[in-house]
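J.: Take a look at the letters that make up each chain.
Protein chains: 4
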Amino acid sequence: MNSLKAGILGATGAVGQKFIRLLENHPWFKITALGASGRSAGKPYRKAANWVEPVPLPESIAGLEVRECKTTNFDDVDFVFSGLDSSVAGKIEKEFAASGIPVISNAKNFRMHPDVPLLVPEVNPDHIDLIDRQEFSGDGGWIVTNPNCVVIPLVMSLSPLEKVYGVESVILTSMQAISGAGYPGVPSLDILGNVLPFIPGEEPKIESEPLKLLGTLEEGKVRDAGFSIRATATRVPVRNGHLLSVNASLTHKPSGLEEVIDLFENWQSPLAEHDLPSAPSRPLWMHKNNDHPQPLLHAEEEKAMRTSIGRVRVDDNGTVSFVAMAHNTVRGAAGGAILNAELLVAKGKLTPAAERSPG
Amino acid sequence: MNSLKAGILGATGAVGQKFIRLLENHPWFKITALGASGRSAGKPYRKAANWVEPVPLPESIAGLEVRECKTTNFDDVDFVFSGLDSSVAGKIEKEFAASGIPVISNAKNFRMHPDVPLLVPEVNPDHIDLIDRQEFSGDGGWIVTNPNCVVIPLVMSLSPLEKVYGVESVILTSMQAISGAGYPGVPSLDILGNVLPFIPGEEPKIESEPLKLLGTLEEGKVRDAGFSIRATATRVPVRNGHLLSVNASLTHKPSGLEEVIDLFENWQSPLAEHDLPSAPSRPLWMHKNNDHPQPLLHAEEEKAMRTSIGRVRVDDNGTVSFVAMAHNTVRGAAGGAILNAELLVAKGKLTPAAERSPG
Amino acid sequence: MNSLKAGILGATGAVGQKFIRLLENHPWFKITALGASGRSAGKPYRKAANWVEPVPLPESIAGLEVRECKTTNFDDVDFVFSGLDSSVAGKIEKEFAASGIPVISNAKNFRMHPDVPLLVPEVNPDHIDLIDRQEFSGDGGWIVTNPNCVVIPLVMSLSPLEKVYGVESVILTSMQAISGAGYPGVPSLDILGNVLPFIPGEEPKIESEPLKLLGTLEEGKVRDAGFSIRATATRVPVRNGHLLSVNASLTHKPSGLEEVIDLFENWQSPLAEHDLPSAPSRPLWMHKNNDHPQPLLHAEEEKAMRTSIGRVRVDDNGTVSFVAMAHNTVRGAAGGAILNAELLVAKGKLTPAAERSPG
Amino acid sequence: MNSLKAGILGATGAVGQKFIRLLENHPWFKITALGASGRSAGKPYRKAANWVEPVPLPESIAGLEVRECKTTNFDDVDFVFSGLDSSVAGKIEKEFAASGIPVISNAKNFRMHPDVPLLVPEVNPDHIDLIDRQEFSGDGGWIVTNPNCVVIPLVMSLSPLEKVYGVESVILTSMQAISGAGYPGVPSLDILGNVLPFIPGEEPKIESEPLKLLGTLEEGKVRDAGFSIRATATRVPVRNGHLLSVNASLTHKPSGLEEVIDLFENWQSPLAEHDLPSAPSRPLWMHKNNDHPQPLLHAEEEKAMRTSIGRVRVDDNGTVSFVAMAHNTVRGAAGGAILNAELLVAKGKLTPAAERSPG
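Chains as they are written, first to last, in our numbering: chain A, 55 to 413; chain B, 55 to 413; chain C, 55 to 413; chain D, 55 to 413.
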């Protein structure tokens, strides 16, 4: 298979840099265009970006000239990943989709749009079909999004429960890593030896996005899952890995703790058949040691694409309590978007521009 | 008022040291005896203890000779504070009570004993009357306990809700400071830049002690509060201050957010009349800034005796969510025990040994 | 004694806020005017400033209207403290001095000016006389500065060595707290679990300012001390307290370790006679425990105005090695400036404006 | 080449675990025997050890039965790595060497023995010849040691300076990671947000071992390098990577900064010819960015076997100042020992037991 040519929108930011790092040596995708603000346009990437990833900037990227995020500057790519800030993502992503360029976005702007898939490949791969309904998109173009970084471990763990028992309501507290705030992000004076009990804008996303993700596709529309979520999002002095303490009240009572543990342990990924390059072999891992999972020990497992679960408990009313954890900037952002792109390739939705151009 | 002569059992440990620090210059209590294991007995305190409090060891204490924790060694005190480890507290505290020496204990051993008050002065001062029923106590002796360090901010905040609305069930996640594990306690390799999702032995206490504390005294017995608690206890890299994310489902639905905020803001401490030396002027403080409370900024307020509340939210079903925080080693341990002793003095239960000795 | 009316230039910044906190309840000085940039002018302080001190903003300050830093706005003060950023301090401080308003500055701009005292009261109180030579100052006005935050513990510990043995050369490594970079300052992603081997602009100050401070006043001019300093400034994940590892090669060899320890222990502050409100009773404290001093345990001692010394060693060549530590934002900045002002009052140099105005 | 069969002495400790992790998949060495105290003997390794490495315990090791560290239990290995605690290493290592089993040790006990090589392959490979003089060793047996973890980056950076300019004296301050203290090691209460100005037992090693390492082999004996070292060892809240601030006074003055930078940049490893599996391709890396090296960013480079240098400065007297950093538990301990073993193989000193046993 020939590589697809990928552009990166918002290439100089924290998410854009993570895309660049994760796509180095990707077997299917090759970065051929980098987009940023007009201020960076025209400069080689090494000068435009303040590279903060803890690995060297790939040489093949360092010399690429940064382009302004205009569609006419990207007529040589097959699709784009978007790590754009939400303040500009709405306008730019729509322009790209309208001009026929597929957009795989990490931005929040279109996540809740009824015709845009909010996609986690292991959870709702069928939602991909929504892209056929995007009236705002031009020929061959569309937008697909991945959820907020907390939502990934949440839906990965709720999905099996929802299918087997039904979920009535969820109460969770997140302990989120500082990398989630980008760079420079959280001032050290705020967080060293401290916990912040609030993250602006975070809780509404955690309380809404899972309902769409776990919703069912009926007659071309997503019917949201019918439960409520109450989230309290906190910031802790951890580098990578968001840890969630989740309590799920279920419709049907499990027979006992072992049944729930078995459910998590034996869960089968629907991706197994596709052999996607970024898919973890075990996307959900059930820890039986009470001390696990920990962000420090487990966030990087399976190339930081795994969701770890632990401390499962079941009370007399059938409420299941557990902790869940995933790497927030890989699985929860750029890595999740790349997995989305891989699924779209496997499903035949993402193809070389030359093949899909009608004329 | 003349000072009461206080002994400290477990004086060389972390809780014992905190007692010593907090009682320096106390207007009512004067430390006159220090008890520890046989290994330390006979040594001056400065040699027996590895002093870790961040203030100098009081000179008046440094030279005191440490005694073994036998009742015959403490016949010159009016009462004792116990910071004993639970592995020995059960036997020793019982011996002291049986021999007529009142014990104000921070240990867990007798907290759930039906005849022992589990006491938070602002919450259940009437439970003091249980001490009259302690058959295991000798003339003038008794045991009073304070709860686990997480339970303090939990019952301080649940108490007003329970009284006004009734509590149906509680789900909480605690983010607990490293000082809660004593010294040497948590290895730095485990916690630096990390969160531990489990604290051995902690959750059962959090799930049971509040029910006794918020219970009602009926015919000399405590009838436990009738709700359930689900706790997930985690350890975070914070020095002092346990932060709780609490969700309380209520029997009667509040009219709205403002009503709940008003309830917390206007809550009146039953201690106001007593003018106890260690009582905070505002034991419950309602923060309106979403970023507050934080362990780093607020744990030390009001000499570390205050419970801080913030982030109050009410959902459509009347479930109230909020965060609560208190200093774990002061309010949650030694400071709480000292406040218990002060209330017992104010209520006439704790008096000079000479006055209560029958013969 | 009546209070002197003090203005604060740069009142909304980190240093300005520290001035406000430290001057609350000061027996000699009362803040009556707050100066900041034109952007803040006209607003009440509580709205102009993002208050980050870990204590509540004093009520008496919260409502004060912020003024632009123009001399005509400050004709009602006796003097000003300057916490201005160095980008503007040069121009503004000169204007104030020229217009007859004494300036006690924490900014670096005039520290090395030959006619401006670079003052540490315990070290070079006689340098105050330089203010009589300031041709740029108007009637009654002058500028006095305090040194860089690392320089305080350095000259406090070198001063006794220089006087008794003579110093030939100094090599030091500083481990500096994050509060030294202000707010938002150091990003948490840079410093959590890390050490930064460089602090921009810091080393040249550490290598030059002590030479002026330890210089001798001869015929109205400072002759710099004649030794060399090599500094390596690093940033560590500590909140407050700069720790220095110092090696001083001496002209005359000490007789041994005990002699040097005695020198530090018996050092007498020249301030003892003045009874200044902010002067620590023991400005220099010699720790004999090898594990001390530590920023966490000792930075706050004596209201954070003390320099702590420890780990003194002497090698065969007479080189003395030790660690020294002081609180960087109190003793090393605002607190040091306040102590300077107190000395100037005691020496009769700082007086009510009414008394010194000629016409 | 067939694998050599390696035993691990002290296999359950922190260094032993690191040996096991680093030797998984090693092309030359295969672990076939694990030694620990009598308490662990007889248990499978997975039960005997509290595995703390952040990767899973290799399956091939988990089931190996732990043996007591007696020579008769290790007659089936070609040699042993020793991660023994110094309290027992002296006796056990000598017994192994005496019985004809080569010992590659990380313990300090024999480092300064005149007949034992204290070896850093890039620095003093010729010192290997000392093993022929070990009278305490039996037929085919010997002991080779690697230095203290701080000494590695120190001698890696001093070695080129010593050869070209001669070193007169060295003053250094180390900022050492918590992993250097093993597990449980440094209590979090001591180090979170703090710096400890002392590490027991560390400075004498730093001040003596480099002199042997940089010494010259003359007539079968090491003549120590003739300069003095003054070290101040501190502990910082960093996980891995010891950072050193070094000042080296030189015999011959460099012509300037560029000459010293060139020296470090163009330094050639004497190992290049050998192609050792664990040798970094560039054992010494010269950073030109003032902010580098940092433990967090650079300790893991080249499989954590590299020494990073930065912030090079030269003063008027020819004193060179710089920072140096290396991973303390890999390059500074188990990894360094493995590299020693590889060099010994390449030099023909370490061979299969069968080949060297005379009878």
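Mixed in with the good hints, there may be bad ones.
Identical chains blur together in the list; that is why a pair holds if it fits in one copy or across any two.
Straight-line alpha carbon distances no greater than 25 Å define the calculated BS3-like cross-link-like pairs of lysine-lysine that follow [claimed, not checked]:
1) K217 / K307
2) K342 / K357
3) K59 / K124
4) K403 / K275
5) K59 / K403
6) K84 / K101
7) K97 / K342
8) K101 / K342
9) K162 / K101
10) K162 / K148
11) K275 / K259
Just so you know, these hints were derived from the structure itself, not from any lab. Remember, predicted model here, so these are calculated numbers, not experimental data.
J.: If a hint holds in the structure, say so; if it doesn't, say that too.
T.: Hints, one by one, checked against the model:
When the C-alpha separation of K217 and K307 is checked against a cutoff of 25 Å, the pair qualifies only within one copy, where the shortest distance is 13 Å, while the shortest distance between copies is 31 Å. Within a single copy, K342 and K357 get their C-alpha atoms as close as 21 Å, which meets the 25 Å cut-off; across copies the closest is 30 Å, which misses it. Taking the shortest Cα distances, K59 and K124 sit within 25 Å of each other inside one copy (17 Å), while across copies they are farther apart (59 Å). Taking the shortest alpha-carbon separations for K403 and K275, only the intra-copy value of 18 Å comes in at or below 25 Å, while the best inter-copy value is 70 Å.
Proximity of K59 to K403 under the C-alpha cut-off of 25 Å is restricted to the intra-copy arrangement: shortest distance 15 Å within a copy versus 54 Å between copies. Only within a single protomer do K84 and K101 lie at most 25 Å apart by alpha-carbon distance; the minimum there is 21 Å, versus 47 Å between protomers. Taking the shortest Cα distances, K97 and K342 sit within 25 Å of each other only across copies (22 Å), while inside one copy they are farther apart (51 Å). In this homomeric assembly, K101 and K342 come within 25 Å of each other (Cα to Cα) only across copies, at 16 Å, whereas the closest approach inside a single copy is 47 Å.
In this assembly of identical chains, the alpha carbons of K162 and K101 never lie at most 25 Å apart, being 28 Å within a copy and 32 Å across copies at closest. For the identical chains of this complex, K162 and K148 are intra-copy neighbours only, at 13 Å inside a copy versus 51 Å across copies, given an alpha-carbon limit of 25 Å. In this homomeric assembly, K275 and K259 come within 25 Å of each other (Cα to Cα) only inside a single copy, at 20 Å, whereas the closest approach across copies is 48 Å.
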